[in-house]
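Enquirer: Single-letter residue listing:
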Amino acid sequence: MAELAGAVLAGLYAPVDIPTTPASLLWMFPLLLSIAVVYKTTRIRVLFWKTFVREVLILFLTLSGFMILAGIVLNLVVWLMTS
Amino acid sequence: MQMKSHRPIDHIVWLFLVGMAAWAVPGGGHFLIGQRRHAYVLFTTIVLTFLVGLYIGSIGIVDPVGARLWYLAQILTSPIVGWLGQIAQKGDYFVAGRAQDYGQIYTALAGLLNLLCILNAVYRAYSGIGEVIGQEEENG
Chain A
1 MAELAGAVLA GLYAPVDIPT TPASLLWMFP LLLSIAVVYK TTRIRVLFWK
51 TFVREVLILF LTLSGFMILA GIVLNLVVWL MTS
Chain B
1 MQMKSHRPID HIVWLFLVGM AAWAVPGGGH FLIGQRRHAY VLFTTIVLTF
51 LVGLYIGSIG IVDPVGARLW YLAQILTSPI VGWLGQIAQK GDYFVAGRAQ
101 DYGQIYTALA GLLNLLCILN AVYRAYSGIG EVIGQEEENG
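The listed protein sequences derive, respectively, from chains A and B.
First residue of the first sequence: 1, per my numbering; consecutive thereafter.
First residue of the second sequence: 1, per my numbering; consecutive thereafter.
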């Protein structure tokens with residue numbers, strides 16, 4: 001536990017090493033989840049947990065799907081322009 | 001704590017208080033108008049997003065001088081970010097590349113999401129939705 005706390009505190013003073021690989025794009029998904037949770041919380045009038053989780057999941061999957069689609073389309077455009 | 005008086009000046013003060021609470025602590029505005037569940041979810045999500053951003057890029061990404069526009073978005077998370085900016089200015093925290101990009105995006109997005117929450121809390125306080133939901137949540 002102390003090691004974990006130490007690692008977290010050290011992380012606040014030194015940046016994490018993120019290589020420039022396609023895998024670094026995976027950092028996008030936690031952000032999409034945050035957006036989905038906050039947006040749904042501001043939209044729902046009464047918060048029932050089951051409904052809330054379902055709605056957040058649907059929005060998260062929609063956003064993720066759209067972003068993946070946008071990535072594929074952009075890659076195709078670049079491929080067409082450079083080939 | 002709910003607004004009972006309907007005098008216009010009291011209502012404006014109440015809206016201001018809700019807005020300030022929402023800025024001071026993410027979810028604070030919703031907590032004040034009685035929407036406790038909303039408040040817990042918003043607090044957890046926004047604070048976690050900001051902390052992940054700090055973890056990725058270190059406190060060097062809170063830069064009131066070199067990255068002013070990012071800082072303006074970041075400080076919407078809470079006034080505490082201003083204090084973090086002071087610390088970052090005094091120390092030598094070098095950050096660059098992807099870590100800087102992702103860190104800034106996470107922390108700035110946390111601020112912008114909190115702006116959405118501030119506006120939502122003030123709107124709910126203005127329209128009285130919070131009072132109704134607060135009672136519904138207490139009973140349910």
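One or more of the hints may lead you astray.
Stated by the list, open to error - Computed list of lysine to any residue pairs in SDA-like fashion (alpha-carbon distance at most 20 Å, straight line):
#  : chain 1 : residue 1 : chain 2 : residue 2
1  : B       : 90        : B       : 67
2  : A       : 50        : B       : 37
3  : B       : 90        : B       : 80
4  : B       : 90        : B       : 119
5  : B       : 90        : A       : 35
6  : A       : 50        : B       : 36
7  : A       : 50        : A       : 62
8  : B       : 90        : A       : 14
9  : B       : 90        : B       : 126
10 : B       : 90        : B       : 55
11 : A       : 50        : A       : 39
12 : A       : 50        : A       : 61
13 : B       : 90        : B       : 65
14 : A       : 50        : B       : 55
15 : B       : 90        : B       : 123
16 : B       : 90        : B       : 115
17 : B       : 90        : A       : 12
18 : A       : 50        : B       : 40
19 : A       : 50        : A       : 35
Said to hold, decoys possible - Away from chain B, derived, C-beta distances all over 10 Å, residues of chain A:
#  : residue
20 : 16
21 : 42
22 : 47
23 : 54
24 : 58
Since the hints were derived computationally from the structure, they do not count as laboratory data.
Note that the Cβ used here is the ideal one computed from N, Cα and C, for glycine as well.
Enquirer: Could you work out which earlier hints the structure fails to respect and list their numbers in ascending sequence?
Expert: Hints 4, 5, 9, 14, 15, 16, 20, 21 and 22 contradicted; others consistent.
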